[in-house]
Amino acid sequence: DIQMTQSPSSMSASLGDTVTITCLASQDIGNYLSWYQQKPGKSPKLMIYGATNLEDGVPSRFSGSRSGSDYSLTINSLGYDDEGIYHCHQYYEYPYTFGAGTKLELK
Amino acid sequence: EVQLVESGGGLVQPGRSLKLSCLASGFTFSNYGMNWIRQAPGKGLEWVASISSSSSYIYYADTVKGRFTISRDNAKNTLYLQMTSLRSEDTALYYCARDSSYVMDAWGQGASVTVSS
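Heads up: the protein sequence lines correspond to chains S and E, in order.
For the first sequence, my numbering assigns the number 1393 to the initial residue and increments by one for each residue that follows.
For the second sequence, my numbering assigns the number 4 to the initial residue and increments by one for each residue that follows.
Hints in this document: simulated from the structure, not taken from any laboratory.
Each hint should be verified, as a subset may be incorrect.
[Said to hold, decoys possible] Now the stretches of chain E that chain S is said to cover, found in silico as 3 or more residues with beta-carbon under 8 Å: (1) 28–35; (2) 39–51; (3) 55–69.
The structure presented is a predicted model; accordingly, all values stated were derived computationally and were not measured.
Using N, Cα and C, we set each Cβ at its ideal position, and we do this for glycine too.
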């Protein structure tokens, strides 16, 4: 199975900061990676797909990138609405797998 | 508006069965593959099963293979997850999600399943 190693597990940042969350794939997954935002008591919301493509309606402050097997989600100009848990997900092959999640809090 | 509404969750004893449903609306259900994903309390997301639009292709996580069955009724716009031989480790919030070119782009609000005696 493909392992997705996500880091950090949690982080705290200030309003207006830029933060980056990373997922390392244990084998090649091409660009078959998506990022989800999950707020407390809510279902995950698709933010990025195909490693770098912004889902419709998602603010352009969010961006995704790839460097080899490292995938990153970057959030610019952090706002309070960005708090939540972020999950990476590989859909290159079954079994689909997710990262363990990153809890983002604002100071 | 795309909507996915899960139902059928509840409290069940170990070893018993439960069937979840996911009613879809706002899109042509028969054109999309569908998925079940679960989230144990305080834990991350775990993919459970996937089914193609015409039910031709079905995949399961090893943790549920042989115990869970995913199915769909395109005439009723409904996805199902039949769960048997339930274990305490199956306790989770179960989400259904639409598959759009392999991307899970829409999720329901989840159905809670608690396996306990």
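Results for each hint:
1. With 0 residues having a beta carbon nearer than 8 Å to a beta carbon of chain S, the segment 28–35 of chain E misses the requirement of three or more and the stated coverage is violated.
2. Under a criterion of three residues with beta carbons nearer than 8 Å to beta carbons of chain S, the stated coverage of the segment 39–51 of chain E is upheld, 4 such residues being counted.
3. For the segment 55–69 of chain E, the assignment as covered by chain S holds, since 3 residues bring a beta-carbon within under 8 Å of that chain's beta-carbons and 3 suffice.
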